[in-house]
Structure formats: structure tokens, C-alpha cells
Amino acid sequence: MVDGSKILISTEDLGLVYKLGRGKGKSKNPKAATLTALRDVNIGIREGEFVSVVGPSGCGKSTLLYILAGLYRNTSGKAFIHGHEITGPSLDRGIIMQAYALFPWRTVEKNVEFGLEVKGLKKNERAEIAREFIELVGLSEFADRYPYELSGGMKQRIAIARALAYDPDVLLMDEPFAAVDEQTRTLLHDELLRIWDKTHKTIIFVTHSIDEAIFLSDRVLVMTSSPGTIRDEIEIELPRPRNNELKSSELFGTYRNKIWQHLQSSTDSTREVTTILGRHILDTVPQEAVI
Amino acid sequence: MEELELQEKKPNILLTLYQKSILIVVLLILWAVVPLYLHNIYVPPLGEVLQEFAKLASTGELFKHIGASLKIALIGLAISQALAIPLGVLIGWFKKIDTYLDPLLVVMRNTSILAILPLFVLFLGIGEVSKIAIIVWGCFFPTLINTIQGVKTVDQNLIRSAQSMGISTTGLFFKVVIPASSPYILAGFRLSASIALIVLVGAEMVGAFYGIGFMIFNAQHAYMIPRMYVGILTLAILGVLVNLLSTKLENSVLRWQETNTNAV
Ligand SMILES: Nc1ncnc2c1ncn2[C@@H]1O[C@H](COP(=O)(O)OP(=O)(O)O)[C@@H](O)[C@H]1O
Ligand SMILES: [Mg+2]
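Line by line, the protein sequences are chains A and B.
Under my numbering, the residue at position 160 of the first sequence is numbered 172, and the numbers go up by one with no gaps.
Under my numbering, the residue at position 29 of the second sequence is numbered 233, and the numbers go up by one with no gaps.
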């Protein structure tokens, strides 16, 4: 798995069991009140690597990401960053969510400064760094706007700038482009790869779109549900820089089929998979793969 | 690719002004004219009321009453908000407290303040203290309940996002929870500000030596009818001013919101 470069993030038999119910304390049947979201997850993410986690919704992708972010506590196994066990959130990890989660009462610039404030930087230092990263995502002219004045794609670029500003080692992205339109998404893919190339960050990218995962990644982890676990991983050996023509290449199609089959074999009927995965994956799967 | 609609429609200011004021102007004209033919002592024409207004203003008596009323209203409002906002944040945040407290709050806020007014007088007399206390009571609940609601409905993603950056609990309160619930808190404040005036007048009618409420009540007793109308008119103007100011405050604090649905 390791090809010379260092492992940045790893997990050892990581698991999480949710307690269900309204927190009433002692339940008569404790087993009925739990849900195993993750079981025996073992991953190793290399420094600077772009890894996607693909799987049907509800399989535990967000849960895994939140554990890595330190926002959720795993109930079994361990997660590590830099060889140290993850016990809580820290500025060495930046999380980017589907719903942008920009602070609506802050201007674009003040949003990007948020992590820097937490870090305790001085006002002028914060402003300087914020401007640098707003420029990186190409939105300098919107620095003084409020989030409601921005489109979805712009909001997500600001969310990325906000996470990059405090200089984390890894970006944890939870279906960041799922809410934007197809055209914008394509642009954001190029943009993200450009930023990745420039900043050398490690990126863990969660998605339910097979194409998105292949296009962006060095490696794709295929996740299946009940309980959520990593079923397989596929090294993506497409040349970089990636461009859109690659999507119609033979190799791309091979990866697509391979991932599709992993997802499919984990469920009894194809229809179930396709409905779980939703339209997006159905669209991206070549006809012959849908048996 | 991504373009912003930046056009803001400028409404015709004159037209809006006309639409907003025409009814009030008509009513004032009716008030000025109709009583001249009515010859009813209880309905003096506007002119007479304005004369009385000018007289009371020139002797300074009117401002003494206004000053006395505003002082008590402002102190009561300030105390109530200083209590309600922090408490509301705590109750909204710690959901356990809310479960226990909610039924009691429902009872307290639905009990007419006029009904408990005598209780305050009984315990605290008819001086300033009892008036301030009753205003605190009246202004406390709207803000408290709004603040609780605001804190409870803070977008969890915003909290997670801030937490992912390792923010402290204090930081989380001041940088996320309170700004995120500020629309609710300010709506509560606006409500409280108008309640302060209403409750105050009630309290002054029960017993006082100064204040607009006292002035109205006293004038009615003494059959000084124009003077009574001056008091009512003054209150109406004060009420509008209070609403105007609190709406202004709300709009300037909440300019980050997409829609400003606050009616004047
Ligand atoms: N806070 C929670 N409490 C209880 N169950 C949860 C919670 N969050 C997620 N789950 C459940 O855990 C499973 C995995 O959820 P999630 O990690 O959000 O999946 P994904 O991100 O892949 O869609 C789902 O069945 C979901 O309903
Ligand atoms: Mg998810």
C-alpha cells in the first residue's frame, strides 16, 4: 500500500455504533436501540494523496469522515493522524460539507478568517491570509459580500478557501459538490485539482458518484453498507493533469465497471443498488453494466 | 458561468410615502373638522388638542411626564433583556433544562400581566421599583422564548464547522450560537420594547405621580379632556418611535440576511 511516501491518516478496525432513540437512558432492549454504522474500517491515506470514498447513501461515509475530523467518537478501533490517535477536532484537519456551512452573518473574507481567529492570529495577518486564499479560489471581487449573495458553487469555493486558510494537512470533503449543477460541478472538479496541485494537501473526498471519484482520485475506496465497511480499493492510474476526455477513455470505463461491480455484489438486487445510489450513478454507469 | 443579480429595484419613494400616510392624514383631517360640528365635550377637535399639547410642552410639564415614563421603561427593558438573553441561550443550549422549564414558561407567559399587576403593587408599592419590576416581567418572556427558539434552531452544520476548527465553548457561544440566533433575539427585543410601553402605562394608571399613563388617567378623572388626548397622542407617537428604532436596529444588525421581512 505504501509506495515510499508517508502514511498521514490511518484507521485500525475502526467502528462506530450509534445509540438510537431519544436518549431516554436505560432501554429495556439495548440491542434494538443501536445501529452499527461502521465496522472494521482499515484505511491508510498517504501524504499528498487524493483518495475518494464512494458508496451508497447511508453506508457511513459521513460518519467515517466525522470521526477523522474528530467530531464523532468511534466506539471501537482507532483512528490516527501523524501516528497519533485522533481524540478531537484540530486545525490540522479541515472539513468541507455539502451544505457549505458558511457563517451567514460574516462576509466572505470574515468567513475565511474564522479558523485564523480561532488560531489566534492578529487582525492584519488574518486579512492578508484570507485575501490570498480568496484569490486562490478566484473570488477576490466578492470578498465583502455575504454568503446569501453567492451561488452554490461560489459558496463551496469559499468553504474550501476557509478550510485551506488555516493550513490543515488534510481536507476532509463530504459530498461537497452534490448540491451544485452538473456544469458547475465540472468546473469545480478542475478547480479542486488545480488547488490540490498547488497546495499539496492530502484530500479525502466522500462522494456517491463513481465518475467523480475516478476522475479526481489517486485511489478510490469502495464502501458498502450495513454495516459500513471498506469493500475494496482501486488505484486510479489515469494520467494527470486530468481532463474531461479521460471520462470516455477505455481505462476510465474499466474502473467504472470495477467499482460498480463491487457495489453491486454487496447487494442482492441491482434495482436496490440503483435506487439507493440514486439517479446520478445510474446515469454514469454504462448500459452493459446494468444487468 | 456564475453571475450575480445585483440589480436592486428602487421603489418610488414619493409613491410609497403617499400610500403609507394617506389614511393617517385623512383621519387627522376628519378629527380636525368633524368635532367642530359634533359639539361633544368628549371629542375635542384636533386643533384644541394641539393647543393643549403646545401649552403642556411649553411649560415643560409634558416632558417631565415623558421623561419619567421613558426612564422607567428603559431601565425595565434593559434589565429584562440582560436577564432574558443569557438565560435563553443557556436554556436553548442545554435541552434538559428546557424540558423541565417549558411548561412553567407556558403558564407564566400566558398569564395576563394586568392580572398580576396588583400583586406587584402589593409587594413593592406604587413607586418606581414596582413599575420597573412589572416591566421586567412583561419584557422578559418574549425575548427569553425567542432566544430559546433561536438557539435551538441553530444550524448544526455551523456548530460542527466551528468545532472542527477546534473552537472553545465560549468561542462557540459568542462566535456562532449568539450570532446565529440573533434574528430571533432581535425579534424578541422588538416585541419587548413595545410591550415595555404598554405595560408601563398600565402600571402608571394603577398608581403614580408622574408619567404619561398617570397624565392620561388623571386628566380623565379631572375631565380635562384635551389634556387626556394629548397623553394618548404622545403615547402613540412614542410607540411608533420605539418601533421605528428597534426595526432600524434589527435591520442594521441583520443586513446579512437575504430577506428582511420586518414590517414597520
Ligand atoms: N447521529 C446519528 N444518530 C443515529 N444514526 C445515525 C446518525 N448519523 C448517521 N446515522 C445512521 O448511520 C448510517 C450512516 O450514516 P452516514 O454516515 O450519514 O452515511 P452516508 O454519509 O454514507 O450517507 C445511516 O444509517 C444513518 O441513518
Ligand atoms: Mg453523508
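No wet-lab data here; the hints were simulated from the structure.
Being a predicted model, the structure only gives us computed values, none of them experimental.
The C-beta atom is built at its ideal place from N, Cα and C for all residues, glycine as well.
It is possible that some hints are incorrect.
[As the list claims (entries may be wrong)] Covered by chain B, per the in silico footprint, the following chain A stretches (three or more residues, Cβ under 8 Å):
(1) 75-87
(2) 203-212
(3) 243-257
[What the hints assert, rightly or not] Using C-beta positions, here's what the derived DEER-type ranges look like:
(4) Gly331/B / Gly100/A: 48 to 58 Å
(5) Lys224/B / Gly100/A: 46 to 56 Å
(6) Gly150/A / Ile226/B: 46 to 56 Å
(7) Gly70/A / Pro290/B: 55 to 65 Å
[Stated by the list, open to error] Straight-line C-alpha distance at most 20 Å; calculated PhoX-like pairs for lysine-lysine:
(8) Lys135/A / Lys122/A
(9) Lys452/B / Lys135/A
(10) Lys300/B / Lys31/A
(11) Lys379/B / Lys134/A
(12) Lys122/A / Lys18/A
(13) Lys299/B / Lys356/B
(14) Lys31/A / Lys18/A
(15) Lys31/A / Lys299/B
(16) Lys379/B / Lys122/A
(17) Lys131/A / Lys379/B
We went through each hint and held it up to the structure:
no. : hint                            : in the structure
1   : 75-87                           : holds (count 4)
2   : 203-212                         : violated (count 0)
3   : 243-257                         : violated (count 0)
4   : Gly331/B / Gly100/A: 48 to 58 Å : holds (54 Å)
5   : Lys224/B / Gly100/A: 46 to 56 Å : holds (55 Å)
6   : Gly150/A / Ile226/B: 46 to 56 Å : holds (51 Å)
7   : Gly70/A / Pro290/B: 55 to 65 Å  : violated (40 Å)
8   : Lys135/A / Lys122/A             : holds (11 Å)
9   : Lys452/B / Lys135/A             : violated (29 Å)
10  : Lys300/B / Lys31/A              : holds (18 Å)
11  : Lys379/B / Lys134/A             : holds (17 Å)
12  : Lys122/A / Lys18/A              : violated (35 Å)
13  : Lys299/B / Lys356/B             : holds (8 Å)
14  : Lys31/A / Lys18/A               : violated (36 Å)
15  : Lys31/A / Lys299/B              : holds (18 Å)
16  : Lys379/B / Lys122/A             : holds (11 Å)
17  : Lys131/A / Lys379/B             : holds (14 Å)
The structure is inconsistent with the numbered hints 2, 3, 7, 9, 12, 14, although it conforms to all the rest.
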